[in-house]
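Number of protein chains: 4
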Amino acid sequence: MARYPTNGLTLDQASAIITAARAKGRELNLQPLTVVVLDAGGQVKAMQREDGSSLLRPEIALGKAYGALALGFGGRELARRAQSMQGFMNALSDIAGGKAVPVPGGVLACDANGVILGAVGISGDLSAQDEVCAVAGIQAVGLKPDTGDAE
Amino acid sequence: MARYPTNGLTLDQASAIITAARAKGRELNLQPLTVVVLDAGGQVKAMQREDGSSLLRPEIALGKAYGALALGFGGRELARRAQSMQGFMNALSDIAGGKAVPVPGGVLACDANGVILGAVGISGDLSAQDEVCAVAGIQAVGLKPDTGDAE
Amino acid sequence: MARYPTNGLTLDQASAIITAARAKGRELNLQPLTVVVLDAGGQVKAMQREDGSSLLRPEIALGKAYGALALGFGGRELARRAQSMQGFMNALSDIAGGKAVPVPGGVLACDANGVILGAVGISGDLSAQDEVCAVAGIQAVGLKPDTGDAE
Amino acid sequence: MARYPTNGLTLDQASAIITAARAKGRELNLQPLTVVVLDAGGQVKAMQREDGSSLLRPEIALGKAYGALALGFGGRELARRAQSMQGFMNALSDIAGGKAVPVPGGVLACDANGVILGAVGISGDLSAQDEVCAVAGIQAVGLKPDTGDAE
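Protein chains in written order, with our numbering: chain H, 1 to 151; chain S, 1 to 151; chain Y, 1 to 151; chain W, 1 to 151.
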C-alpha cells in the first residue's frame, strides 16, 4: 500500500525503542522524559512525552536526534565540537533551524555493520541520564547505539 | 516527581487514542497515517507515523490539531472559515508558523461537559477519512470528539 | 565507507536525470532551466542551474519537487488542490517553509511497482514545458514519472 | 536567449569544479562529500551530494561557500574571526539565515587578477580535507583558490 520506501527504522522498531527507553527512565526514577525517534533521513517516526515534562522537551529531544544525524555522530561528539568550534556549532544551530542540540542524549541507532538506521533523542533529566535511556532503548531492539564516544 | 500539572490528556490517553485511530485506519484499509495528539495547552503528547507516509505528514497532522486548539473548534469549522474569511485564515497560518491547517482531520477531544482536553490531528488519506480515524480514537478513551460540525 | 543508507535515487541516477532533462530543454529551445533532484526522503541529491536563470529558480524547482514528495503526488495534483483548497495549500506552503510550490514541473520518480524513489523539480520556462523536461529526465534512467495526472 | 548576465562562474565551470573536487575526494578516500558551487552573486550554480552523506551536508557546504562570499575571504579567515570576534560571527550567522559557516572548506574562486568569480563549499570529511578538495576543483578549471590564508 505504502508508496514510500522505509529508510532505516520502522515504526514498530521506533515504538519498541520508546517503550524500552521509558522503562529505563522509570527504573532509574528519572524526571519525566520526552523520547523522539527519527529514521535515517531525519523524519520523525514516533514521539512520546511523559506527563509533567517541561515545555520545550520535544523540540530539545528532536534537536539532539537530528543533530546527531546531521553530522553523523552522537551527541557527545557534538558537545565536544560545541566547545572547540563554537562558531561552527552556532552556525549549525542556525542552519538547522534550531534542530541541532549539541549535548549527550542524541544517540545514533546502527546495524551490525555500523550503517545508521536512525537516531534517538531524549530530554528531561540530566543529559547523561537521558543518554542512558536512549542507549537502553536502542539495545532493546538489537541495534548498536553510537553516543559519540569511542567504545 | 513531575513539577508540571497535567493539562488535559495524559500520555496514557494519548497513546490509547493513537492505537485506536490507527486500528481504524487499518480496518478501513487507508493510506499510511500519521497521528498526533496534543494536550489542552497545544503541547505534543505523542505522535506515530506509519511506515510509508509521505514527507510532511507529521507537520500537517500537527497543524490540523493545533489549528483546532488555536481557535477552539474542529477542522470542519476551520475549513469553512478558510473559505469565507481567506485573509484571516492566511494570517492565522502565518501567526501560527504554519501550524494551523484548516481541513477536516483535526478533532477536539472533550469531556462530558464539553471541556477541551486536547486535540487529535491525522493526515495520510482523504481528509474525511483521516477524521473518521480521529473520531474513533477519541471515542475509544471515552471522550467526545468535536469535528467542527454540529451534532 | 558511507554510513547512511541510500534512500531511493543514487547520485549517479540523479546526475543522469539532470543531463537528460537539460538536453530536452535545449532540444526544445526553452528558457534557461534549473533542475533539482531529491531522494525519497526529500534530501537534495544534485542540482544544476543553467546560465542566465533568474534568481529564485533553484528555490522554485526545489519547492516543486519537495511539494510532490510532501503529499505523495505530482505537481498537477498539487495545482488542482491549490485551486479547490486554497486555505490548505496556503497552510502547506507555510508549514513547509515555502518548499511546496503547487504547479506542474514537480514530478515523482517511481520504480516499476510505483514505489517513490525521489522527485524532480524544474523551473525556468512555462510550467508545462518544465514538466516535459522532468519527465524526459526520469524516463532516461528507466523510471516512471508521476506528474499528478492519471495516465 | 538568457536575459540575465553570467556573474562569474558558468555552469560548465561549476560542473567541472565539482567533478575534479569529487575525484580528489575519492583519490584521498575521504568520507562522502557534498560540493556546492556559487557564482559571484551567491547564487547556486550546481550541487552534488555523494551517496551516504549525512543529512545537513548541503546546507553546511552552502554555508561555507556563502560565508566566504559574504565577507570576501576564505573560510580560514572566517574561522579566525569566529574565534576573535564571536559576537560578530554569531550576528553574521543570524543575518545570513545560517548561511555563513566559519570553517575551512569554503574557498573563493578567483581569476588571475584576484577578481572573485564564485565560491566552492565542501562538507563531509574533516574541514581541512574538505578544503583540499575545493582547492583541487578550482585549480582544475584554471582559477586561483583563496582559502583565507596568505599564500
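Note that these hints are calculated values from the structure, not bench results.
Please note that the accuracy of each hint is not assured.
Computed beta-carbon distance windows for the label pairs [to be verified]:
(1) S/Pro5 with Y/Gly97: 45 to 53 Å
(2) H/Asp12 with W/Asp111: 51 to 59 Å
(3) Y/Leu55 with S/Gln139: 29 to 37 Å
Here are some chain W residues pointing at chain Y (derived, C-beta under 8 Å) [what the hints assert, rightly or not]:
(4) Leu11
(5) Gln48
(6) Glu50
(7) Gln86
(8) Cys110
(9) Ala112
(10) Asn113
Quick caveat, the model's predicted, so the values are computed rather than measured.
By construction, the Cβ of each residue, glycine as well, lies at the ideal position given by its N, Cα and C atoms.
Verification of the hints:
For the pair S/Pro5 and Y/Gly97, the beta carbons lie near 33 Å from each other, so the given range of 45 to 53 Å is not met. For the hinted restraint 51 to 59 Å between H/Asp12 and W/Asp111, the CB-CB distance of approximately 57 Å keeps it satisfied. For Y/Leu55 and S/Gln139, the hinted distance range of 29 to 37 Å is not satisfied, since their beta carbons lie about 52 Å from each other. The interface hint given for W/Leu11 is met, as the beta carbon of that residue sits about 5 Å from the closest beta carbon of chain Y, less than 8 Å.
Annotation: interface hint on W/Gln48 holds; nearest CB of chain Y at approximately 5 Å, less than 8 Å. Interface hint at W/Glu50: satisfied, since its Cβ lies 6 Å from the closest Cβ of chain Y, which is below the 8 Å cut-off. With a least beta-carbon distance of about 28 Å to chain Y, the hint placing W/Gln86 at the interface is violated under the 8 Å criterion. Hint status for W/Cys110: violated, given a least beta-carbon distance of 19 Å to chain Y, over 8 Å.
Because the beta carbon of W/Ala112 sits about 22 Å from the nearest beta carbon in chain Y, more than 8 Å, this interface hint is broken. With a cut of 8 Å, the hint placing W/Asn113 at the interface with chain Y is violated, because the nearest CB-to-CB distance is about 22 Å.
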